[in-house]
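Undergrad: Can you make the complete structure from the sequences, with help from the hints?
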Amino acid sequence: MSTSVLYDTPGPRAKVRNALLTVLGVVLVGTVLYLIYAGFDAKNQWDGRIWEPFLQAETWEFYIIPGLIGTLRAAAVAAVLALIFGAVFGLARLSDHRWIRIPAGAVVEIFRSIPLLLLIFFIFYLAPSLFGGGDYAFIALVTALMLYNGSVLAEVVRAGVRAVPKGQSEAAYSVGMRKNQVMRLVLLPQAVTAMMPAIVSQLVVLLKDTALGYIIAYVDLLNTGFKILPAAFFGSLIPAAIVIGIIYIGLNMALSALANWLEKRSRRSRKTAAPPVAPPGASVLGVGPGAGSGAGAEAVATME
Amino acid sequence: MDELITYGPQLLEGFLENIKLSLVAGVFALIVGTLLVAMRVSPTPVLRAAGTVYVNVVRNTPLTLVLAFSALGLSDTLGLVFSGVPRTNSFWIVSLGLGAYTAAFVCEALRSGINTVPTGQAEAARAIGLTFFQTLTLIILPQAFRAVVAPLGSVFIAMIKNTTVATAGGLLTESAANMKEIFDTTGASIPIFLGIVAGFMILTMPIGFFTGWLSQRLAVVR
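Line order of the protein sequences matches chains A and B.
Quick note: to get the working numbering, add 38 to the position in the first sequence (first position is 1).
Quick note: to get the working numbering, add 175 to the position in the second sequence (first position is 1).
No lab work stands behind these hints, which were simulated from the structure alone.
Careful: at least some of the hints might be erroneous.
Said to hold, decoys possible - Derived DSS-like pairs: lysine-lysine, alpha-carbon spacing no greater than 30 Å straight-line:
hint, chain 1, residue 1, chain 2, residue 2
1, B, Lys-355, B, Lys-195
2, A, Lys-217, A, Lys-204
3, B, Lys-195, A, Lys-265
4, A, Lys-302, A, Lys-204
5, A, Lys-81, A, Lys-204
6, B, Lys-195, A, Lys-302
Because the structure is a prediction, the values reported are computed rather than measured.
TA: Okay, here's the thing in structure tokens:
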């Protein structure tokens, strides 16, 4: 239990106090749930009619599944591109040549600090004037996601390679390997193991951010589920939000669970000398002597 | 460059909206996030579970959905209205949504701060006879707060960048919506884009540097 630092095993008085707090907690949570229920009830949101579309196969076939495919397609393409972008620029930032290192660093820092939506809008409006008319929603979304998440991943790659103890590369050089060999055969294989959890948790962020496509009318889950579906079934707006919310949460939690599993695995792995890289955004925490047993694993919270 | 000058006042006004949004949502997120972390570390299983559910649900939902739901669901369908003026109402609805979303991340940052305090610190405090309240306020929290300065800084930087998503919540006066509107008339304009980006950098970079500097200054040497 990660919170054990805060209190002792309860004695008789503390047990009574805890029981009282539990009752109070139940009442509090119950009140909030009841208020939500009553609020919905007042606006007839429990009406069977508006929930019914979600029991019909057609709703899923024509609205939700195509949207989900759109979301997953954008996420998959953007993830692959972002990983390539991240690997290239992460390694470029580690280069010994200043003329590679500095421009790569500038690119990474700039794209990391631009709000993603502004980047999407810009590419969305820039593309037609460069390449002629057409539908650029997918391209704009994927390119922006690649640039932003790729830049974050570049930092992860850099941190991963740096996390490999210096002795590893010194030993490799001393047995006569070239720079290229040291990176390819010694540093990278160990770094990849260490940065796997951080990469997966950034991919969760990427998957969540595909929902920004809604704003430029890309046909994703949020668009078909929250714009087109409620227009077809009048009044089903809130049920639609709840259903697609559950789908998004399920997808992301599955990915997060994968990240936690990878983290646990890399923690006990003997294949790497590098400690696991903290996910971006939680960078200061989760490592070091103070980290409790669950601190690193649970600090997979990343925003943006 | 001419475009940037022509549309300057409008852009500036939109940018001010982003700043106002950040301030309101930031304060709201801090308050709710602190309450949530109190729930998540409390000795009461019910409150702990409620906090965990909130954080996991909100953290895994796209912000676009949260804001679109706040506007179309909470405000239009369920009738949560702060003001009769649509623009003011959107502002408060978006602040509420963004604050509620950011609160989950604030909670996680604070909680991982408590986790960085070694168990030995609390054990030592109890061993010299400090009460629970004394242990918490004199030993644990001072160390925890120092550890979360930098992560909280990055949460707030991310939140400032996220104010651009306010468009999804129907607030059409802030920078992103402004930029889109201008692009609709002028086409993609590089100076305008760079101008807005520079604005955000001027806003976020000092926060990053300041919290980084502060966290190093306050770091607990163990």
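Undergrad: Holds or violated: B/Lys-355 with B/Lys-195, Cα cutoff 30 Å?
TA: Holds, because 20 Å separates the two Cα atoms, which is no more than 30 Å.
Undergrad: Can the restraint linking A/Lys-81 and A/Lys-204 be considered satisfied, given a maximum Cα separation of 30 Å?
TA: It is violated: about 64 Å lies between the C-alpha atoms, which goes past 30 Å.
Undergrad: Next pair to validate is A/Lys-302 with A/Lys-204; report whether the Cα-Cα distance is within 30 Å.
TA: holds (24 Å)
Undergrad: With a cut-off of 30 Å on the C-alpha distance, tell me whether B/Lys-195 and A/Lys-302 pass.
TA: violated (42 Å)
Undergrad: Does the alpha-carbon distance linking A/Lys-217 and A/Lys-204 stay inside the 30 Å limit?
TA: holds (14 Å)
Undergrad: Given the hinted pair B/Lys-195 and A/Lys-265, is their alpha-carbon gap at most 30 Å?
TA: Given that 30 Å is the threshold and the Cα spacing comes to 29 Å, the pair holds.
The structure fails to meet hints 5 and 6 from the earlier list, while all remaining hints are met.
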